[in-house]
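**Q** Under my numbering, the first residue of the sequence shown is numbered 50, with each subsequent residue one higher.
Some hints could be false.
To be verified - Derived lysine-lysine pairs resembling DSSO-like cross-links, with alpha carbons at most 30 Å apart:
#1 K206 <-> K54
#2 K54 <-> K264
#3 K147 <-> K54
As the list claims (entries may be wrong) - Between beta-carbon pairs, the in silico distance windows are:
#4 E55 <-> R169: 18 to 28 Å
#5 E101 <-> V129: 18 to 28 Å
#6 F135 <-> G190: 43 to 53 Å
Hint data in this document are derived by calculation from the structure and do not stem from the laboratory.
We put the CB at the ideal spot given by N, CA and C, even for glycine.
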Amino acid sequence: MWHTKELGQVFAELSSGKQGLTEEQAERRLEESGYNELRERKGRGIFSIFVEQFKDFFTGVLILATVVSFLLGETVDAYVILIIVFINAVMGLAQEYKAEKAIERLKELSSPSATVLRDRNIRAIPAREVVPGDIIILKAGDFIPADARVCEASYLKVDEASLTGESIPSTKVTETMPDVPLADRENMVYLGTVITDGKGKAVVTATGMNTEMGKIAEEIQAMEVEKTPLQGKLEK
């Protein structure tokens, strides 16, 4: 609930300040929090995903039924079952492949670099090295490299459509906010969103999989792939 806290409290809880971190502090935090990146399961090719569809218990039952039908000379039934199994596998493949691509699209929203305040100097670093407590410099055209609480804002506007679906850019402020929904947190900026106008500074509150975008990626990877119509009927 960083948006509900006074800036002084935010800095205190993050052991940071308006001057940012030292390089030594940043290195220690990088070891503790890990790289600022969205993790994903080891990439699988289409063939690998397709083969996995046949490892399902109910698919195995149908394949066994196909073999039995062939042995009994009921070739028409056997071919019908095979067609059903194939269609079911294709539908399962489509669902899983879509989920894998969704993660890739989320990663594309990550910025390759970030501008931060370190040792009282402004410097560009790889975005994956941003850590909680870093002061990030915000300017028009930049992708936000992590979730952060705004501490300075001058006509700062951010396109958050990738996260909230809102097409109108959000005008950012530094004032404390009440406990409001994500789309209404005007004193926060989020990983993967884009600055459309103005400039400012923000203190990083979350990186990598702890960001709002990271939570979405985690949900996509953790959710059980929706069962195909055939699997649903067989389980009834």
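**Q** Are the hints correct? Go through all of them and say.
**A** Structure-based check of each hint:
| no. | hint | result |
| --- | --- | --- |
| 1 | K206 <-> K54 | holds (21 Å) |
| 2 | K54 <-> K264 | holds (22 Å) |
| 3 | K147 <-> K54 | violated (39 Å) |
| 4 | E55 <-> R169: 18 to 28 Å | holds (23 Å) |
| 5 | E101 <-> V129: 18 to 28 Å | holds (24 Å) |
| 6 | F135 <-> G190: 43 to 53 Å | holds (48 Å) |
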